[in-house]
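K.L.:
If you want the building blocks of each chain, they are given just below.
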Amino acid sequence: MIKVENLHKSFGELEVLKGVSEHIKKGEVVSVIGASGSGKSTFLRCLNMLEEPESGSIIFEGTDITKEKVNIDQHRQKMGMIFQHFNVFPHMTVLENITMAPILIKKKNKAEAEEQAMKLLEMVGLADKRDEYPRRLSGGQKQRLAIVRALAMEPDVMLFDEPTSALDPEMVGEVLQVIKNLVKSGMTAVIVTHEMGFAKEVSDRVLFMDGGVIAESGTPEEIFGNPQNPRTKEFLSKVLY
Amino acid sequence: MSLGKIFSNVIMLMTKYHQPLLKGMLMTVQLSCVTVFFGLVFGTLVAFMKMSEFRIWKIRPLNVIATIYVEVLRGTPLLLQLYFFYFLMPKVIPALGDKKISITVALIVNSAAYVAEIVRSGIAAVDPGQAEAARCLGLNKTQTMQKIIIPQAVKNILPAMGNELVMMLKETSLASTFFIGEIMTQCNVIGGATFLQIETLIISGILYLVLTTTVSKLVGIYERRLAVSD
Numbered sequence: 149m150i151k152v153e154n155l156h157k158s159f160g161e162l163e164v165l166k167g168v169s170e171h172i173k174k175g176e177v178v179s180v181i182g183a184s185g186s187g188k189s190t191f192l193r194c195l196n197m198l199e200e201p202e203s204g205s206i207i208f209e210g211t212d213i214t215k216e217k218v219n220i221d222q223h224r225q226k227m228g229m230i231f232q233h234f235n236v237f238p239h240m241t242v243l244e245n246i247t248m249a250p251i252l253i254k255k256k257n258k259a260e261a262e263e264q265a266m267k268l269l270e271m272v273g274l275a276d277k278r279d280e281y282p283r284r285l286s287g288g289q290k291q292r293l294a295i296v297r298a299l300a301m302e303p304d305v306m307l308f309d310e311p312t313s314a315l316d317p318e319m320v321g322e323v324l325q326v327i328k329n330l331v332k333s334g335m336t337a338v339i340v341t342h343e344m345g346f347a348k349e350v351s352d353r354v355l356f357m358d359g360g361v362i363a364e365s366g367t368p369e370e371i372f373g374n375p376q377n378p379r380t381k382e383f384l385s386k387v388l389y
Numbered sequence: 066m067s068l069g070k071i072f073s074n075v076i077m078l079m080t081k082y083h084q085p086l087l088k089g090m091l092m093t094v095q096l097s098c099v100t101v102f103f104g105l106v107f108g109t110l111v112a113f114m115k116m117s118e119f120r121i122w123k124i125r126p127l128n129v130i131a132t133i134y135v136e137v138l139r140g141t142p143l144l145l146q147l148y149f150f151y152f153l154m155p156k157v158i159p160a161l162g163d164k165k166i167s168i169t170v171a172l173i174v175n176s177a178a179y180v181a182e183i184v185r186s187g188i189a190a191v192d193p194g195q196a197e198a199a200r201c202l203g204l205n206k207t208q209t210m211q212k213i214i215i216p217q218a219v220k221n222i223l224p225a226m227g228n229e230l231v232m233m234l235k236e237t238s239l240a241s242t243f244f245i246g247e248i249m250t251q252c253n254v255i256g257g258a259t260f261l262q263i264e265t266l267i268i269s270g271i272l273y274l275v276l277t278t279t280v281s282k283l284v285g286i287y288e289r290r291l292a293v294s295d
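Keeping their order, the protein sequence lines are chains A and B.
Per our numbering: the first sequence = residues 149 to 389.
Per our numbering: the second sequence = residues 66 to 295.
This is chain B alone, in the form it adopts within the complex (with noise of 0.2 Å):
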């Protein structure tokens, strides 16, 4: 099989199916941005338990929930939480038994745990002497973290939460074990209604390139007026 016939094949099935195709990019883009941002939601919750200071005697539980948490998500493969959620959903809460919100919950669930780290240590970043220099004019505890310590946390994290986007864009295709219809999803289709295999995938690699360096491209852009900024 010649590259020029894998070119010309490639070409005739993104021209044929490029409905599906486009179906397929919609839904990885949109699985991977509802993650991100209840990722960002609840990761910043597990963050906040993670440094949170009340204690019972020595023990700090909401410290000790949030680390086994974050160790357990990042410590099993994607593809054994998304099926663990594709098969406990159903049966814990039947009416968000629906696969594809199993597998969103699952994927949520996962990226939490990263975005915990992201936000934890974007606002470990920022310098100690600056909340010092707010606590001695008089602020408490809560107008530090809301005036000083936020809004300068938020450049350390927003990068990392562009590159955790691009992670999450590749990592949906996991999903496809499950058939929700993003880009692996279709390729697979495609691929085993034609027996084009290879070019089908030639196809999702092109399709996820495109968004991965779209979104890499834009955080690239951010990043640098950030810089001007600093």
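Next up, chain A with everything else stripped away, as it sits in the complex (with noise of 0.2 Å):
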């Protein structure tokens, strides 16, 4: 589904990927696990050109998005993503962050669109926040809200940019249990993380990315029960006691 070849990205002198390839396959989850500044946000931000890699190749459902002549937009209606912070729009309510997408973009009419955000919302347990705006929400319930509004663009893959690094402690499962049922349905999805027994639980690969490259990876059993790479095996030590 998604293919890379040779990603190269830099910011100003600071080289940030050195040649990533790697290959998504439809059905795949995958989580991208590494220390910070390994570069890991940068590729899962680069599958969807929010950051503009220098050279290699993109290819997302047969297309190489790379290209200056695509029309990313088309694209990343594809590909939902979801941020650390949010980014839910709080001069909308929960149903309008949801609705505003599909009625804008695909032309939905709005009962159709918000009889499909009312199921989502339902999906999430959010259903009786509809007519809230995010600020009366928690954390928690800010991220349901920033996944079932990428969802509600019926997305082929998900990309989770650390979805659970902003949250209160307690209010990390409740997303976790979201993102879960998600994968389990059979979405597509590339998951940047730190929840290293998430990533164990749900990934069927599972990337270590170091200085820019993916140094090592493979099935979670591999990565975490028996690392081959000694910087993989020198970060599992740091982050698994």
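Fair warning: there could be bad hints in the mix.
Said to hold, decoys possible - Restricting the straight-line Cα-Cα distance to at most 27 Å, the calculated cross-link-like pairs of lysine-lysine (BS3-like) are: (1) B:Lys-212 to A:Lys-226; (2) A:Lys-174 to A:Lys-226; (3) B:Lys-206 to A:Lys-255; (4) B:Lys-206 to A:Lys-254; (5) B:Lys-206 to B:Lys-123; (6) B:Lys-206 to A:Lys-258; (7) A:Lys-226 to B:Lys-115; (8) A:Lys-226 to A:Lys-258; (9) A:Lys-217 to B:Lys-206; (10) A:Lys-254 to A:Lys-174; (11) A:Lys-215 to B:Lys-220; (12) B:Lys-220 to B:Lys-115; (13) B:Lys-212 to A:Lys-267; (14) B:Lys-206 to A:Lys-256; (15) A:Lys-258 to B:Lys-212; (16) A:Lys-255 to B:Lys-212; (17) A:Lys-151 to A:Lys-215.
Keep in mind the hints are simulated off the structure, nothing from the lab.
Since the model is a prediction, treat every value here as computed from it, not as a measurement.
Dock chain one against chain two, each of which comes alone in its own frame, and use the hints as you go.
P.N.:
Here is the structure:
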């Protein structure tokens, strides 16, 4: 579904991605772990061109989206993205947050979009918040809202950029549960996370990034049970205790 | 001269000349409101020029023009600008050579430079994550601006525009140099006719205070309502 070849990205003098190649298949759940500054968020943000790579290609559903003449907006509709800081729209109600893009871009009529939004809200237990503004929601509720807002566009793949890093500890569980249910239903997902237990549980594959490259890749059992690369071992010994 | 005498003179002048004084207030309000309204229109335009990413080679021409405009207008005295337009307009566009129009144009041109910075910083203050989230949903740049950035930027911009109106209410006093009938002009005339300059200055001070505190209060109420909804 997403095929990345030899991706390079620098911020000024700092080379963040030094040739990343990866193939994410349909239905696959891939977690990306690694220390801060290892390039994992940048890698994820390149997948939907939020960061423009200097070189390399990203083939998404058969199109190289790094090419200049590609209409990136169209492809982004098919890639949902979840941010560390939720980025829900504070000036819209919960319902409007979800229906805005389907009505504006997919030209759904309002009733249809609202019906779909209500189904999604019920799925994540926020149906009673439909007319609230996000300021009245907790962090966990905001993140669940952000997830269903992305789902309303019916994406083919979901990209999660540290979805629980900004949450109070007691709210991490509810968000992870929603993501877990989502990937169980067959959604393709790439998840950048610091939650090792979660990565171990939901992933088909785990990528360990270090110094701008994918240092090791394998099943959760391989990476967490029997890491080969010394850098992976060192990292895991610091975060697993 | 006793304070009591000044006080009774002030009351006397305000009663006797209430008509020209009210006319002056109306003129000040009109001038300021028209200026701030068009200042907002043109200032927004300048702000967007300043933020424009349009490039010829490495230069952003719209940005350069807007930056020069803002720097010149904010870096020279308003009084100089008023004189400049007062003499320039009749020569360039004789049809719009009326001094009231010339002065109004000068005030608008000046206000637009300040408003441009208000609008630009109001837009810049919106969390960049908001635009990213919108783009990730598939909105293009224009849609993101319209649906996500502008509605949030307005909340930053409107209170600052209230302050701009307060500033402008006071700055129109410079236009009295050209006798265009706002508060300061009326008070100068009354002061000249009665030789009670101190009293008329006190009166004009009171009138400005009435206007500026009213607007400040309104801005305050509006800001408190915004704070509740945030």
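K.L.:
A separate judgement is required for each hint: does it hold in the structure or not?
P.N.:
How the hints compare with the structure:
no. : hint                   : in the structure
1   : B:Lys-212 to A:Lys-226 : holds (20 Å)
2   : A:Lys-174 to A:Lys-226 : holds (13 Å)
3   : B:Lys-206 to A:Lys-255 : holds (18 Å)
4   : B:Lys-206 to A:Lys-254 : holds (16 Å)
5   : B:Lys-206 to B:Lys-123 : holds (21 Å)
6   : B:Lys-206 to A:Lys-258 : holds (23 Å)
7   : A:Lys-226 to B:Lys-115 : violated (33 Å)
8   : A:Lys-226 to A:Lys-258 : holds (21 Å)
9   : A:Lys-217 to B:Lys-206 : holds (16 Å)
10  : A:Lys-254 to A:Lys-174 : holds (23 Å)
11  : A:Lys-215 to B:Lys-220 : violated (37 Å)
12  : B:Lys-220 to B:Lys-115 : holds (20 Å)
13  : B:Lys-212 to A:Lys-267 : holds (24 Å)
14  : B:Lys-206 to A:Lys-256 : holds (20 Å)
15  : A:Lys-258 to B:Lys-212 : holds (16 Å)
16  : A:Lys-255 to B:Lys-212 : holds (15 Å)
17  : A:Lys-151 to A:Lys-215 : holds (14 Å)
Of the numbered hints given earlier, the model fails hints 7 and 11; all others are met.
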